[in-house]
Amino acid sequence: MEFLLNFVERTGAKAVGWWGATFGVLAFLAEVLSTLARPATWNRATLDTIVKQIYFTAVQILHVYLIYVLAISWVIITITLSTARNVGLFDAAAEMIIRVLLLELLPFLTALLIALRSGSAINTEVALMKVNNELDALSHCKVEPMQFEFLPRIAGGVVSVIGLTVLGSVLTLLLAYLAIYGLSATGLSAFSTTISSVFSLPVLFGLAVKCIFFGLAVTTLPMAAGLETPKKLFMVPVSVLRGMMRVFLALVLIEVLSLALKYI
Amino acid sequence: MFKNLHLKVGLFVIAVLALALAFLVYVLHARGFFEQRLHLQLAAASAEGISPGMPLTFSGMPIGQVTSVNLNEAGGIVIKAEVSKSGARWLRTDSSFNLDKPLVGGAKIKISSPDLSSPQLPDNSTVLLLVSDPTQEIPLLIERVKNILANVEHITRQDGELNGTLANAKTITARMSGKYGVLEGVLGSEENARPVVNSLKNLEGLTAKLNEVSAKVDAMLAKTDRWLFAADGVSEQSKQALVQVRAMLADAQGSLKRVDELLKNAVAISADVKDGTQDLAKLRTDIDDSVRKANDLLNDINRMWPFGGDADMKLP
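Which chain is which? The protein sequence lines are A and B, in order.
So that you can map any letter, position 69 of the first sequence is 69 in my numbering, and since no number is skipped, the others follow by simple counting.
So that you can map any letter, position 315 of the second sequence is 315 in my numbering, and since no number is skipped, the others follow by simple counting.
Because the hints were derived from the structure by calculation, they are not lab data.
Hints are not guaranteed to be accurate.
Unchecked claim - Once the Cα atoms are required to be at most 30 Å apart in a straight line, the calculated BS3-like pairs of lysine-lysine come out as:
| # | chain 1 | residue 1 | chain 2 | residue 2 |
| --- | --- | --- | --- | --- |
| 1 | B | Lys239 | B | Lys201 |
| 2 | B | Lys8 | A | Lys52 |
| 3 | A | Lys52 | A | Lys142 |
| 4 | A | Lys262 | B | Lys201 |
| 5 | A | Lys262 | B | Lys101 |
| 6 | B | Lys223 | B | Lys201 |
| 7 | B | Lys201 | B | Lys257 |
| 8 | B | Lys282 | B | Lys293 |
| 9 | B | Lys110 | A | Lys262 |
| 10 | B | Lys282 | A | Lys262 |
Claimed, not checked - Here are some of the chain B residues that sit facing chain A, going by a computed Cβ distance under 7 Å:
| # | residue |
| --- | --- |
| 11 | Leu5 |
| 12 | Ala18 |
| 13 | Ala20 |
| 14 | Lys80 |
| 15 | Lys85 |
By construction, the Cβ of each residue, glycine as well, lies at the ideal position given by its N, Cα and C atoms.
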């Protein structure tokens, strides 16, 4: 009886904790959106910071990202084509490649890359700022952390996920065309038909929305986790761990939801 | 460290925007957004296996797709399809629409236009969709194969017709290997075959005699042939005589012509008598010659032609 009671109690505590965290994240997101909507936010200083964030998040890793996309796309395209040829479904190979790589895999992998590289950095930075009372100091000096620290990072993250996904997708499309038809323009109309049959307008819209959510997840969640950090230095790694775990869960959730909406 | 930061970010953002926009325009173009489309209604008994987005192909090239499949008020099937304007020029009033459901791979509607000189299919027209589904034919096929297998089994059973036939064939081939070979096999036994073989032997003697007779007839014919058509035979001689006759007649004609000319000369010119007498002398010799030749000819003819009663040739 005692054990059962304990179990229920622990479950309750966990649920409350989860709810608190979710609420914290949602409240933070609401604050971000309200800051976005405020005209005063959009001044030269904010824009400059956003540009810097885009540079750090996307442009700095562009060549690494493109090589990484090239490798993974080439491997998956080759495997798909040879398998399709073996089972006599070569006609469906192009569609399969586009659906798997462009619609699902590339946005997900891009978001993961940015979460690993920038998300973790953001989480640590915010947690350290919190522990060192820097955020309070900034507020005290009339430098709104939300406007000059958080919002530019979020905007940079969203733009980076979308931008890198677009560039990677174009590269993958080129690679797929070359793998299927080689260096000739003969397959252009058939390839266009396949692309057009996959990318209906709702699908394109869904893809854009998914990328935006990915971008929000990889920046907002680490930030919220950082802000939650108790003012003790040894809690910083715990905060990063929690933040990255949440990012991963959120990415999977967004992916699963988007798939469910599309195919169910 | 962050040299040209703004330039790099600007390039990145512009590249992404340009590519995204270009891709959007490309997809819209590929989906025929900027192109007029031909609308079709397909009439079918059942919508089984037909779904929106299913491609319409002409000669294997996709030119359109099914846009919606619905039931109408009367419970009938309404299948709507769109074809791009560039693809619509292959659609004719006598084009046939076939639902092709392969065992493996996606179903599609195949369009074939047997006569490209027929009038074009107008917009919003209704066409019949023919359904050929190999999977539905499989049970029928299996039923027929089963029947065939049952028949084969019946024929090849232990006491069946096939076994009987094979036994008979064995007996016949055994007889064929006997003294009189195939004949014995056909006639049943050695006794039956013997008279046939004997009569065949008689026939042999008969043909030998016939051979002799025909040899004699042959010799006779050869002799006749030689007399009639040999190099110095009757036929050859008369041919030569005729040639000579023709030559002589030509000579005679020439001489008479000259006589004619001379007479004219004699009448017209009396002055040169010396010449005239010389000519006359020549003419006389000519005529003499001609008459002699004619005489020779007649002699020749008389000798060669077997008109005379004293022919010295006898039939063999």
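Here is what the structure says about each hint:
1. B:Lys239 / B:Lys201: 52 Å, violated
2. B:Lys8 / A:Lys52: Measuring from Cα to Cα gives roughly 10 Å; hence the hint holds.
3. A:Lys52 / A:Lys142: With Cα atoms ~21 Å apart, lysine 52 (chain A) and lysine 142 (chain A) stay inside 30 Å; holds.
4. A:Lys262 / B:Lys201: 97 Å, violated
5. A:Lys262 / B:Lys101: 25 Å, holds
6. B:Lys223 / B:Lys201: Violated, because 35 Å separates the two Cα atoms, which is more than 30 Å.
7. B:Lys201 / B:Lys257: 80 Å, violated
8. B:Lys282 / B:Lys293: Roughly 16 Å separates the two Cα atoms, so the pair holds.
9. B:Lys110 / A:Lys262: 28 Å, holds
10. B:Lys282 / A:Lys262: Violated, at about 133 Å.
11. Leu5: At 5 Å from the nearest chain A Cβ, leucine 5 (chain B) passes the 7 Å test, so the hint holds.
12. Ala18: 10 Å, violated
13. Ala20: Since chain A brings a Cβ to about 5 Å from alanine 20 (chain B), closer than 7 Å, the hint holds.
14. Lys80: 16 Å, violated
15. Lys85: Because about 14 Å separates lysine 85 (chain B) from the closest Cβ in chain A, which is outside the 7 Å limit, the hint is violated.
Checked against the numbered hints above, the structure breaks hints 1, 4, 6, 7, 10, 12, 14 and 15 and satisfies the rest.
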